[in-house]
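S.K.: Those protein sequence lines, which keep their order, are chains A and G. Per full-length UniProt numbering, the first sequence starts with residue 1, numbered consecutively. Per full-length UniProt numbering, the second sequence starts with residue 1, numbered consecutively.
None of these hints come from the bench; they were simulated from the model. Certain hints may be false.
[Unchecked claim] Quick look at which bits of chain A chain G covers, simulated, 3 or more residues with Cβ under 8 Å:
hint: 1; region: 86-98
hint: 2; region: 164-170
hint: 3; region: 233-247
hint: 4; region: 290-300
[What the hints assert, rightly or not] Some chain G residues near chain A, calculated using beta-carbon distances under 10 Å:
hint: 5; residue: Q79
hint: 6; residue: P80
hint: 7; residue: R128
hint: 8; residue: P132
hint: 9; residue: L193
hint: 10; residue: G209
hint: 11; residue: K229
hint: 12; residue: I240
hint: 13; residue: A249
[Said to hold, decoys possible] Label pairs and their computed distance ranges (CB to CB):
hint: 14; chain 1: G; residue 1: Q446; chain 2: A; residue 2: S162; range: 37 to 43 Å
hint: 15; chain 1: A; residue 1: Q57; chain 2: G; residue 2: A41; range: 31 to 37 Å
hint: 16; chain 1: A; residue 1: A103; chain 2: G; residue 2: Q498; range: 40 to 46 Å
The beta-carbon is built from N, C-alpha and C at its ideal position, and this holds for glycine as well.
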Amino acid sequence: MDVTMAMFAAKRLLMALATVLVVAVLAFLLVHAMPGSPGAVSLGAGASQEAIDDVNQRLGWNDPLALQFFRWLGEAVQGNFGTSLIDGRSVSADLASRLPVTASLAAGATVLSAILGIGLGVTAAVRGGLLDRIIGGFVGLLVALPAFWIGIIFVYLFAVQSSVFPATGYVPFEVSPQDWALSLALPVITLAVGGAAFIARQTRASMLEALQQEHIRTLRATATPTWKILYVHALRYASLPIVAGIALQFIGLFGGSVIAEQLFAMPGLGQAVQSSVSTHDAPAVQGVVVIATVVVVAVNLLLELATKFLDPKLRAS
Amino acid sequence: MKLLSTPARRSAAVLAGALLVSSLTACGGGTQAATAVNKDALTIAIDSDSASFGFDPLRVADAQRQFFEGLYENLMTLQPDGSVGPGLAKEFSYSTDNTVLTLTLREGVAFTDGSTLDAALVKANLDRRSDPALSAYSAIAKGGAQEITSVTVASPTKVAIKFAKAQPGFEKNLTGTMGMIVGKTAATKSASLATTPDGSGPYTLDTTGTVKGNKYVFTKNEKYTDAAKYPYRKVTFSVIQDPQARANALVSGQADVAMLTSPTVDFAKSKGLGVSQIGGTLHTMVSFDKTGKTSPAFAKEKVRQAFQYAINRQSLVDALHKGDIPAWNALPKDSAGYTEELNVRFAYDPEKAKSLLAEAGYANGFEFTIVGSAETQTDLQAVQKDLAAVGIKMNIKMASSTDEAFAAVATTPLGYASLGWDNPVGLMYGVVLNGFTNVQKATDEQLSAATGEAAAAKDDAAKKAALTKLNTRLVESGWMIPLYESLANQGFNTKKVQQVKFAGTNAYPLLSSYAPAN
Chain A
1 MDVTMAMFAA KRLLMALATV LVVAVLAFLL VHAMPGSPGA VSLGAGASQE AIDDVNQRLG
61 WNDPLALQFF RWLGEAVQGN FGTSLIDGRS VSADLASRLP VTASLAAGAT VLSAILGIGL
121 GVTAAVRGGL LDRIIGGFVG LLVALPAFWI GIIFVYLFAV QSSVFPATGY VPFEVSPQDW
181 ALSLALPVIT LAVGGAAFIA RQTRASMLEA LQQEHIRTLR ATATPTWKIL YVHALRYASL
241 PIVAGIALQF IGLFGGSVIA EQLFAMPGLG QAVQSSVSTH DAPAVQGVVV IATVVVVAVN
301 LLLELATKFL DPKLRAS
Chain G
1 MKLLSTPARR SAAVLAGALL VSSLTACGGG TQAATAVNKD ALTIAIDSDS ASFGFDPLRV
61 ADAQRQFFEG LYENLMTLQP DGSVGPGLAK EFSYSTDNTV LTLTLREGVA FTDGSTLDAA
121 LVKANLDRRS DPALSAYSAI AKGGAQEITS VTVASPTKVA IKFAKAQPGF EKNLTGTMGM
181 IVGKTAATKS ASLATTPDGS GPYTLDTTGT VKGNKYVFTK NEKYTDAAKY PYRKVTFSVI
241 QDPQARANAL VSGQADVAML TSPTVDFAKS KGLGVSQIGG TLHTMVSFDK TGKTSPAFAK
301 EKVRQAFQYA INRQSLVDAL HKGDIPAWNA LPKDSAGYTE ELNVRFAYDP EKAKSLLAEA
361 GYANGFEFTI VGSAETQTDL QAVQKDLAAV GIKMNIKMAS STDEAFAAVA TTPLGYASLG
421 WDNPVGLMYG VVLNGFTNVQ KATDEQLSAA TGEAAAAKDD AAKKAALTKL NTRLVESGWM
481 IPLYESLANQ GFNTKKVQQV KFAGTNAYPL LSSYAPAN
């Protein structure tokens, strides 16, 4: 890696850290703006004001906001997001157990949508004609279908009617790799369908542009094998927007997994968000928001570095 | 224009096909092995996280009794026929004035922390009643409708509970979460219950298999004295909030038993599953204000009666609660106090409602506000339309916070609640006469008298007479404006589980009532 690239990476890393910090401050302020207080949440509706005040005092809720934030931040950077107001469990431990579920869902759906999307997009661009129009129509249909509806249909077909896949639940990889894959199958397919359609459109457009380039014509004139023209030269030329699209898919799927987790009863971050928001569990809400932000910012950072690496023009700038 | 030669097109097509095939196989294609019938393990799909507050049974309501029955024992137990039987207390007796309840405890009961049951432990448990977080104790805390003033250790196996006023029939309350006893460690330091149960129940928590908010795995407690009552070696509670997903889990074999909502019952039956049903939960509007403090009109009984005639319950059920039962009775159909007479007397009659309003001095109607939630919104909108037809303008304000929803009992005249009437006397004393639905302390001599008669009833006939009086008066006074009775539905895999039986009118079967199919 040359110095320019290293400088670029360092700058982007600093910006990523700043973004996480800003989000952490916003999450902290929003939690404080919510009605009620930790004492009221943890003691329930029947608690006296005196008891609530006592808990709030113990938790430092009445301290200046800046002091509270830096106290929380000091613990958070060490991986300690505090304890749940509802049941006293460690927020960090809870999130650590849920992260693999959501990550498996998002990563699986991203990979599947990339494979399907690139395959369909390349085929449409290369074959053209009727097949292009059929794929275009099919992709348009997939874009229009809501994920939860697709999930319901898949469950009906492959779990209720034929018992090919389980309708609900999640099996950790360490318990049984085969059952882990089976438990992920339907939610991953459900989440991947919309993303595959998006990537297919992106890939088709980029490939069509790539195939018009002069260097592709030159390669063809020099009798370079067709597969090499398509999958080495043209696809690499078209890869920038496709990679960006795939990364955005991952970010969207990571944040949007709550629907799949609800539909398939999976113990992921989406379920944790829903539960902690509905119970006003402030430390849990802050923890989930920060973890999700870190993942999104990290993927964005990797995307920028990958883009810079893949595009010679950007690399030279 | 064709961009590629035929071989190129062929290779592209082959690649695309290969991608499709590989992606599908990567998703675990093939057939799931048929699940063998496992009579050692039972999976129950439930609709919410019973342990969202941790494993303190006193922090939850009786809707979570079934879950906590696996981990804890009660002072008194709910019997399969719905009656009260011995539990940790093998005997009980009341003082002549019904203000002192004396329990005689079993010996040799061990908790997971190693402590054993004695009178001091029961006292330590009940002395936690001042903790406001323990909602199951709210009625026995200071100022509660069934306030306990002191708990005294009479001997190592005898404990005396003294009430602020006479509490005949109180032992029934001890069959719910209120009567569950935690071990010494937890009674002393309740924070430990956030993650670790401390009970003497038939099962213990398997922490390795448990995922908070998703599934809870119980394994058999070998120290439990009556282990034969619980046939399964392992019980898993699987939390599936979406009603259709719960039904799907039952059909596809991820659950053996599932709580079903009425709209999914036909689907389950069509797939060959068994469904046991019982009524018992009344979805009812409750007059919070009977004194006119928040809305003068509600002080008039005729106005409250007008609501009974104005609401088209059959239409409400047909449109929004298919499979449930329209209700004109405050008590459920299976209750001894249920009477068909109310169905006829208060049948839908908007003209009668208008004339009652006119007699009460509200011929031109009146306006009030009710606080709603996401769960009640559509029901309230249906009622809103019916009330508008007789001149009553009901504004629906959606609660912006839990605090606002709770505050509505004091700030608005009418509310909406779902009430289980398994213990009518307890509900009347704890909720209706002295509890949160009557913060303005309205009184009704007939209601108080009927409740007292029900509490003192010595036989079924006396109980039936008292409960019928109570039910009738609740409706004619307009303290309760019932809308519909929902059925509790337990779907089950007939190949694995015997017909599910309910304990009396309780909507949640005893955990011990599940048994493997023959």
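S.K.: When the nearest CB of chain A is found for P80(G), is that gap smaller than 10 Å?
M.R.: violated (30 Å)
S.K.: Tell me if the interface restraint on G209(G) is satisfied: Cβ within less than 10 Å of some Cβ in chain A.
M.R.: holds (9 Å)
S.K.: Are P132(G) and chain A close enough, Cβ to Cβ, to be under 10 Å, as the hint says?
M.R.: At about 4 Å, which falls below the 10 Å cut-off, the nearest Cβ of chain A leaves the hint on P132(G) intact, so it holds.
S.K.: Within 40 to 46 Å: is that where the Cβ-Cβ distance between A103(A) and Q498(G) falls?
M.R.: holds (41 Å)
S.K.: With a cut-off of 10 Å on the beta carbons, see whether I240(G) makes it to chain A.
M.R.: holds (4 Å)
S.K.: Given R128(G) as an interface hint, is the shortest Cβ-Cβ distance to chain A below 10 Å?
M.R.: Hint violated; R128(G) Cβ to chain A Cβ min 13 Å, cut 10 Å.
S.K.: Hint L193(G) vs chain A: min CB-CB distance below 10 Å?
M.R.: holds (9 Å)
S.K.: Tell me if the interface restraint on A249(G) is satisfied: Cβ within less than 10 Å of some Cβ in chain A.
M.R.: holds (4 Å)
S.K.: Tell me if Q79(G) is really an interface residue toward chain A, meaning its C-beta lies closer than 10 Å to one of theirs.
M.R.: Given a least distance of 30 Å, the restraint on Q79(G) is violated.
S.K.: Do Q57(A) and A41(G) keep their Cβ atoms within the hinted range of 31 to 37 Å?
M.R.: violated (47 Å)
S.K.: Is the coverage entry for the region 86-98 of chain A by chain G consistent with the three-residue Cβ rule at 8 Å?
M.R.: holds (count 6)
S.K.: Between the region 290-300 of chain A and chain G, are there enough contacts, at least three residues with CB-CB distance under 8 Å, for the coverage claim to hold?
M.R.: Violated - the region 290-300 of chain A has 0 residues with a Cβ nearer than 8 Å to chain G, which falls short of three.
In summary, the structure is inconsistent with hints 3, 4, 5, 6, 7, 11, 14 and 15 from the numbered list given earlier, while agreeing with the others.
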